[in-house]
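Chains as they are written, first to last, in our numbering: chain A, -8 to 380; chain B, 3 to 97.
A few of these clues could be false.
The calculated lysine-lysine pairs, modelled on BS3-like cross-linking and capped at a C-alpha distance of 25 Å, are [what the hints assert, rightly or not]:
no., chain 1, residue 1, chain 2, residue 2
1, B, Lys71, A, Lys140
2, A, Lys355, B, Lys70
3, B, Lys40, A, Lys208
4, B, Lys71, A, Lys355
5, B, Lys40, A, Lys130
Calculated Cβ distances over 12 Å to all of chain A for the following chain B residues [said to hold, decoys possible]:
no., residue
6, Arg21
7, Ala78
8, Glu87
FYI, nobody ran anything at the bench for these hints, they're computed from the structure. Ideal Cβ positions, reconstructed from N, Cα and C, are used throughout, including at glycine.
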Amino acid sequence: MSKNDCCPQPEPETSCCPTNKDGTECCPPVQSSEPSCAEVADDRPGYKLWPFVCDWTTASGQQIPKVATRLTATDIAGRWQMRWGFGRTRYSIAPGLYAIGTPSGDSPVLVTANYKMTFDILRRDMYGHDAWILVIDTKGINVWCAAGKGTFSTDEIVRQVERAKLQDLVKHRTLILPQLGAPGVAAHEVAKACGFKVLYGPVRSSDLPEFIDKGNKASPQMRRVTFGLVDRLVLTPVELVHMWKHILYSIVALFLVGGIGPEIFSLSAAWSRGGAAVAAGMMALLTGAVVTPLLLPWVPGRAFAKKGAITGLAIGLAASLIFADTLGWLNTLALIIATATISSWCAMHFTGSSTFTSPSGVEKEMRQAIPAQAAALLVGALCWLAAAF
Amino acid sequence: MTTPRYIENVASLKLDKGRCVGCDLCTVVCPHGVLVMKESKADIADLNACIECGACAINCPVEALTVKKGVGCASAIINGWLTGEEPNCECGGSC
Chain A
-8 MSKNDCCPQP EPETSCCPTN KDGTECCPPV QSSEPSCAEV ADDRPGYKLW
42 PFVCDWTTAS GQQIPKVATR LTATDIAGRW QMRWGFGRTR YSIAPGLYAI
92 GTPSGDSPVL VTANYKMTFD ILRRDMYGHD AWILVIDTKG INVWCAAGKG
142 TFSTDEIVRQ VERAKLQDLV KHRTLILPQL GAPGVAAHEV AKACGFKVLY
192 GPVRSSDLPE FIDKGNKASP QMRRVTFGLV DRLVLTPVEL VHMWKHILYS
242 IVALFLVGGI GPEIFSLSAA WSRGGAAVAA GMMALLTGAV VTPLLLPWVP
292 GRAFAKKGAI TGLAIGLAAS LIFADTLGWL NTLALIIATA TISSWCAMHF
342 TGSSTFTSPS GVEKEMRQAI PAQAAALLVG ALCWLAAAF
Chain B
3 MTTPRYIENV ASLKLDKGRC VGCDLCTVVC PHGVLVMKES KADIADLNAC
53 IECGACAINC PVEALTVKKG VGCASAIING WLTGEEPNCE CGGSC
């Protein structure tokens, strides 16, 4: 069996080797030490290779996958899927060593989480550079959350450094960590345990090339987390998707309660009153889970519950004006109160996705908001029920 | 644009300047610039920007910083109240 039969060249359609405008390939020349056929994982029964693996490099006695630095449509679709919360806990890659470009014993070692979305963003941002990527096992969770949960940890880093035999791979003794891994990692303990010094890199991987090129120096901006409109926008779908069970139960409940009236239970009332309530509920949900997050810095109040109540009140008032003719005063009251309350509740839940709230603050606002929301919901519900009679 | 401000005077961050050795690491790891170096020692410049992530405390080699690190997700906190346990990410919610 000739080598060409079982060590195929990378497919031309992959993102591994983009071509320059003059037709030459950007890829570095093929390694002189070709992987043996048995070592190309896709050829082994039961194994399937990730499409982002371009090639293999041999270093310190290991076969290390070289990964593409251009994302494919599949990668981007995967990221969208994650933003909508489908399969979020199963989007991970194997921990261990990966190579970007043609790293050598002097190349930096970048540590990251094994959440594929994190990995994709990192390799994309490292386009054109040479580096080793040490992926640690964070159970498929991104760096910042994993650091908070204790899975992006001192122990796990040490474990992977030893497993990868990093001391044989690189001449230096430095690990570059994402700054947001810091809540889970004691830098001095890592050095003590495995001999590698931790250097905290920038918050965003897009700043990594500049950080590395400037001799591992970060500007103050590189070390700050913000929460702009786009950051907030991409976090809203998952809020909605994760409420689907509550939404379903509420829809059923509203139809049932909607039918209650002078005739004990009326199907037509269930349909019309229940339907109207469901519509109002959806509007309130969107106000609290999407509109309030988008308008976050401009809505008055520090507590998210208060911000949600304010936007809910505004939208509820607007809706009651639009539908003034058909409502009657009890329904109007119910609409305004319920919109404000549900919006407040949903907005309050956005605290967990935000980057500037403290758990102490969230607890404080919830202690004040939840009783108020419960009382308001009761009043609104009673008004709505009374409107049937 | 600047990061919005949250509820004030609740953050549990505490600094023991007496223990501080001026290694500067806390100012490096803080994502919101809460800490600065003042006369070779750490100083809390903006307590109300603290999100209690714990990065500074865990990276302080002399344990000069303490903070009550918690799970800031509303569902986890509610779950914690209902079960009587500390809020954690294992509440069966979206984490």
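A quick look at each hint next to the structure:
Straight-line distance between C-alpha atoms of lysine 71(B) and lysine 140(A) comes to about 10 Å, which keeps the hinted pair within the 25 Å bound. Straight-line distance between C-alpha atoms of lysine 355(A) and lysine 70(B) comes to about 14 Å, which keeps the hinted pair within the 25 Å bound. Under the criterion of a C-alpha separation no larger than 25 Å, the hint pairing lysine 40(B) with lysine 208(A) is consistent with the structure, at around 21 Å. A threshold of 25 Å between alpha carbons decides the hint, and for lysine 71(B) with lysine 355(A) the separation of about 15 Å falls inside it, so the pair holds.
Between lysine 40(B) and lysine 130(A) the alpha-carbon distance is near 39 Å, which puts this suggested pair outside the 25 Å criterion. Consistency note on arginine 21(B): stated as away from chain A, and its beta-carbon is indeed over 12 Å from all of that chain's, at 14 Å minimum. Under the 12 Å C-beta cut-off, the non-interface status given to alanine 78(B) relative to chain A is violated; the minimum distance is some 7 Å. With 12 Å as the threshold on Cβ separation, the claim that glutamate 87(B) sits away from chain A holds: the shortest Cβ distance comes to roughly 14 Å.
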